[in-house]
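S.K.: Sequence:
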Amino acid sequence: MTRILVVEDSPTQAETLRSILDSAGFSVDVATDAETALEAFDRAAFDIVISDIVMPGMSGYELCRKIKSNPKSRATPVILLTSLSDPMDIIRGLECEADNFITKPYQADQLLSRIRSIIENRKARTDSGIRLGIELVFLDKRFVITSEKEQILDLLISTFEDTIRANIGLRESQEQLAAANAKLESYARELESRVQERTLELEQKAAQLRHAERLDAIGSLTGGIAHDFNNLLTVVKSSVEYLCGELTDPPLWQAADMAQEAANRGADLVRHLLTFARKQELSPKVLDVNALVESVVKLARRTLPSNIAFIVQMADNLPPVHIDPGQMENAILNLAVNARDAMPNGGEIIVETRTAELDEDYARENVGLQPGSYVLIALSDTGIGMSQDVINRAFEPFFTTKEPGKGTGLGLSSVYGLIKQSGGHAKIYSVLGKGTTIKIYLPVVAEVQASIKVPHQKTTATIVGSGTILLVEDDELVRKSVTSKLKRLGYDVTAVASAAEAITTLEDRANFKLMLSDVMMPGTMTGADLAREVMQRWPRIGVLLSSGYTESSIGGKVRLPSDVRLLSKPYSNADLAQALAETESRQGR
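Following numbering that gives the first Met the number 0, the numbering of the sequence shown begins with 0 at its first residue and continues without gaps.
You can trust all of the hints, since none of them are fake.
Straight-line distance between alpha carbons at most 20 Å, and here's what the computed DMTMM-like set of lysine to aspartate or glutamate pairs gives:
| no. | residue 1 | residue 2 |
| --- | --- | --- |
| 1 | LYS426 | GLU328 |
| 2 | LYS426 | GLU356 |
| 3 | LYS486 | GLU583 |
| 4 | LYS103 | ASP32 |
| 5 | LYS426 | GLU359 |
| 6 | LYS71 | ASP28 |
| 7 | LYS65 | ASP28 |
The calculated label-pair distances, taken between Cβ atoms and stated as ranges, are:
| no. | residue 1 | residue 2 | range |
| --- | --- | --- | --- |
| 8 | PRO70 | SER9 | 25 to 35 Å |
| 9 | ILE390 | SER465 | 57 to 67 Å |
| 10 | SER9 | LEU201 | 54 to 64 Å |
| 11 | GLN106 | ALA74 | 26 to 36 Å |
| 12 | LYS284 | ILE390 | 27 to 37 Å |
| 13 | THR354 | PRO249 | 54 to 64 Å |
| 14 | ALA181 | GLN312 | 51 to 61 Å |
No lab work stands behind these hints: they were computed from the structure.
Every residue gets a Cβ at the ideal spot worked out from N, C-alpha and C, and that includes glycine.
Taking the hints into account, I'd like the entire structure generated from these sequences.
M.R.: Below, the structure is given as structure tokens:
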């Protein structure tokens, strides 16, 4: 059995070599340094020596030189383990008469093949081999090579073989690196493309969010302005109604009547503002969109010029939606009027209804939209179209491209507010010179259920009241106006400016039949808080609340008592008289 001496200072490397050689059927001895290896030669003979070069103390080169200088062991082939990182390794190997190089890292089959080759060559080699005495100069140093020519050839061939192996491995590594690099470049291009798409998507989302926040901010501002306008209109309408009832001179009465009409139109404008701000009081019903659209188109055909043709495309069996029918009719008429204005020379208005499924991708592209089933109402025209800048601002209140005096700029904004307040979505598509399409998406009603507030019955005749009433109103002008109105209705009025004053007044004398209070007032106590305290402490007093805000918009600010009616400003004498009469009736008087 071939006996091999392994000289390796690393226990791990030594054990690896032992395992490879044992499995191939060789007898293996291990020495951890050169000195121990030389001592082993004194005790036994070895067929091959495999030695590391870099070791503590004596190097592998020096060990090889000592083995080859000893007549007893000089015929023993020596294999040096090297990284071949320096050309001097070959010269040093020749100089110390090494038989072979094994380049680290090595494969087991490569090592075993080299050992078997050395064993075969050793059998073929004779003791009469010619030893050479060659003097080499390499890197300005002299080296004397005394190895046999076969030994030199074996060493050089092993070096060449390892170089070839290394070169092949390098080429394979280069190919693998090139393939990996190509894949990496592909990933990089894909990643860059995705980053660009994501960046664009985020920029679009940010723009939509800014636009939505802008509309919300305008809506909040608009709601506050509408509240103040309603207070002013309450005074104007009350005063003008009084004048119309008192004046007998025709020119003066006509002037007062025109002022009353202007006040009513002002109230309509405020309602448009509240609709945009999503604070208008709605009366939603479960309805058939096709029936509503058919009714509006019939009215529009009679109203719009004859050079405008209507094309109606309505899908059958549409699911119901839940929306205020009157407000929705006005919204569609607004869109039709805008389409007419965009076609001064006539054209076509195409009205379409169908179901639409808005998926999560579309919802992500439109801030605040929920994915799901919707009914689509689309109104298109063949008019002049809009630029992108106009589209971006079209839903803002008071924004208009019409000439001064030709429009309020509240048409599209009120449509937008109605649809948003109803849980829907509105979007404009337009191309300059080709026309505009406005799409309205209304959520499908999952279960048909009524959610309709029963309207208060109005009478044409003004109801005359009597008794004492406590008026709580912080706005001095409104307080004076309503005081006069209440006195004309027959009430004995005590007016205060705050909830705290009202409590003090009631504690002094609680003989009031009714209390009419504004909701939003300065101080820690709102009109709603005052109403609850009055109903608890003085339950015989009937309570009526009033506000320039609608009930739906107040809900975000204060909690109204469920059994107290809210009278929205501006209100007429008849509205006030009926509300007070109903309040008094509920108290059992």
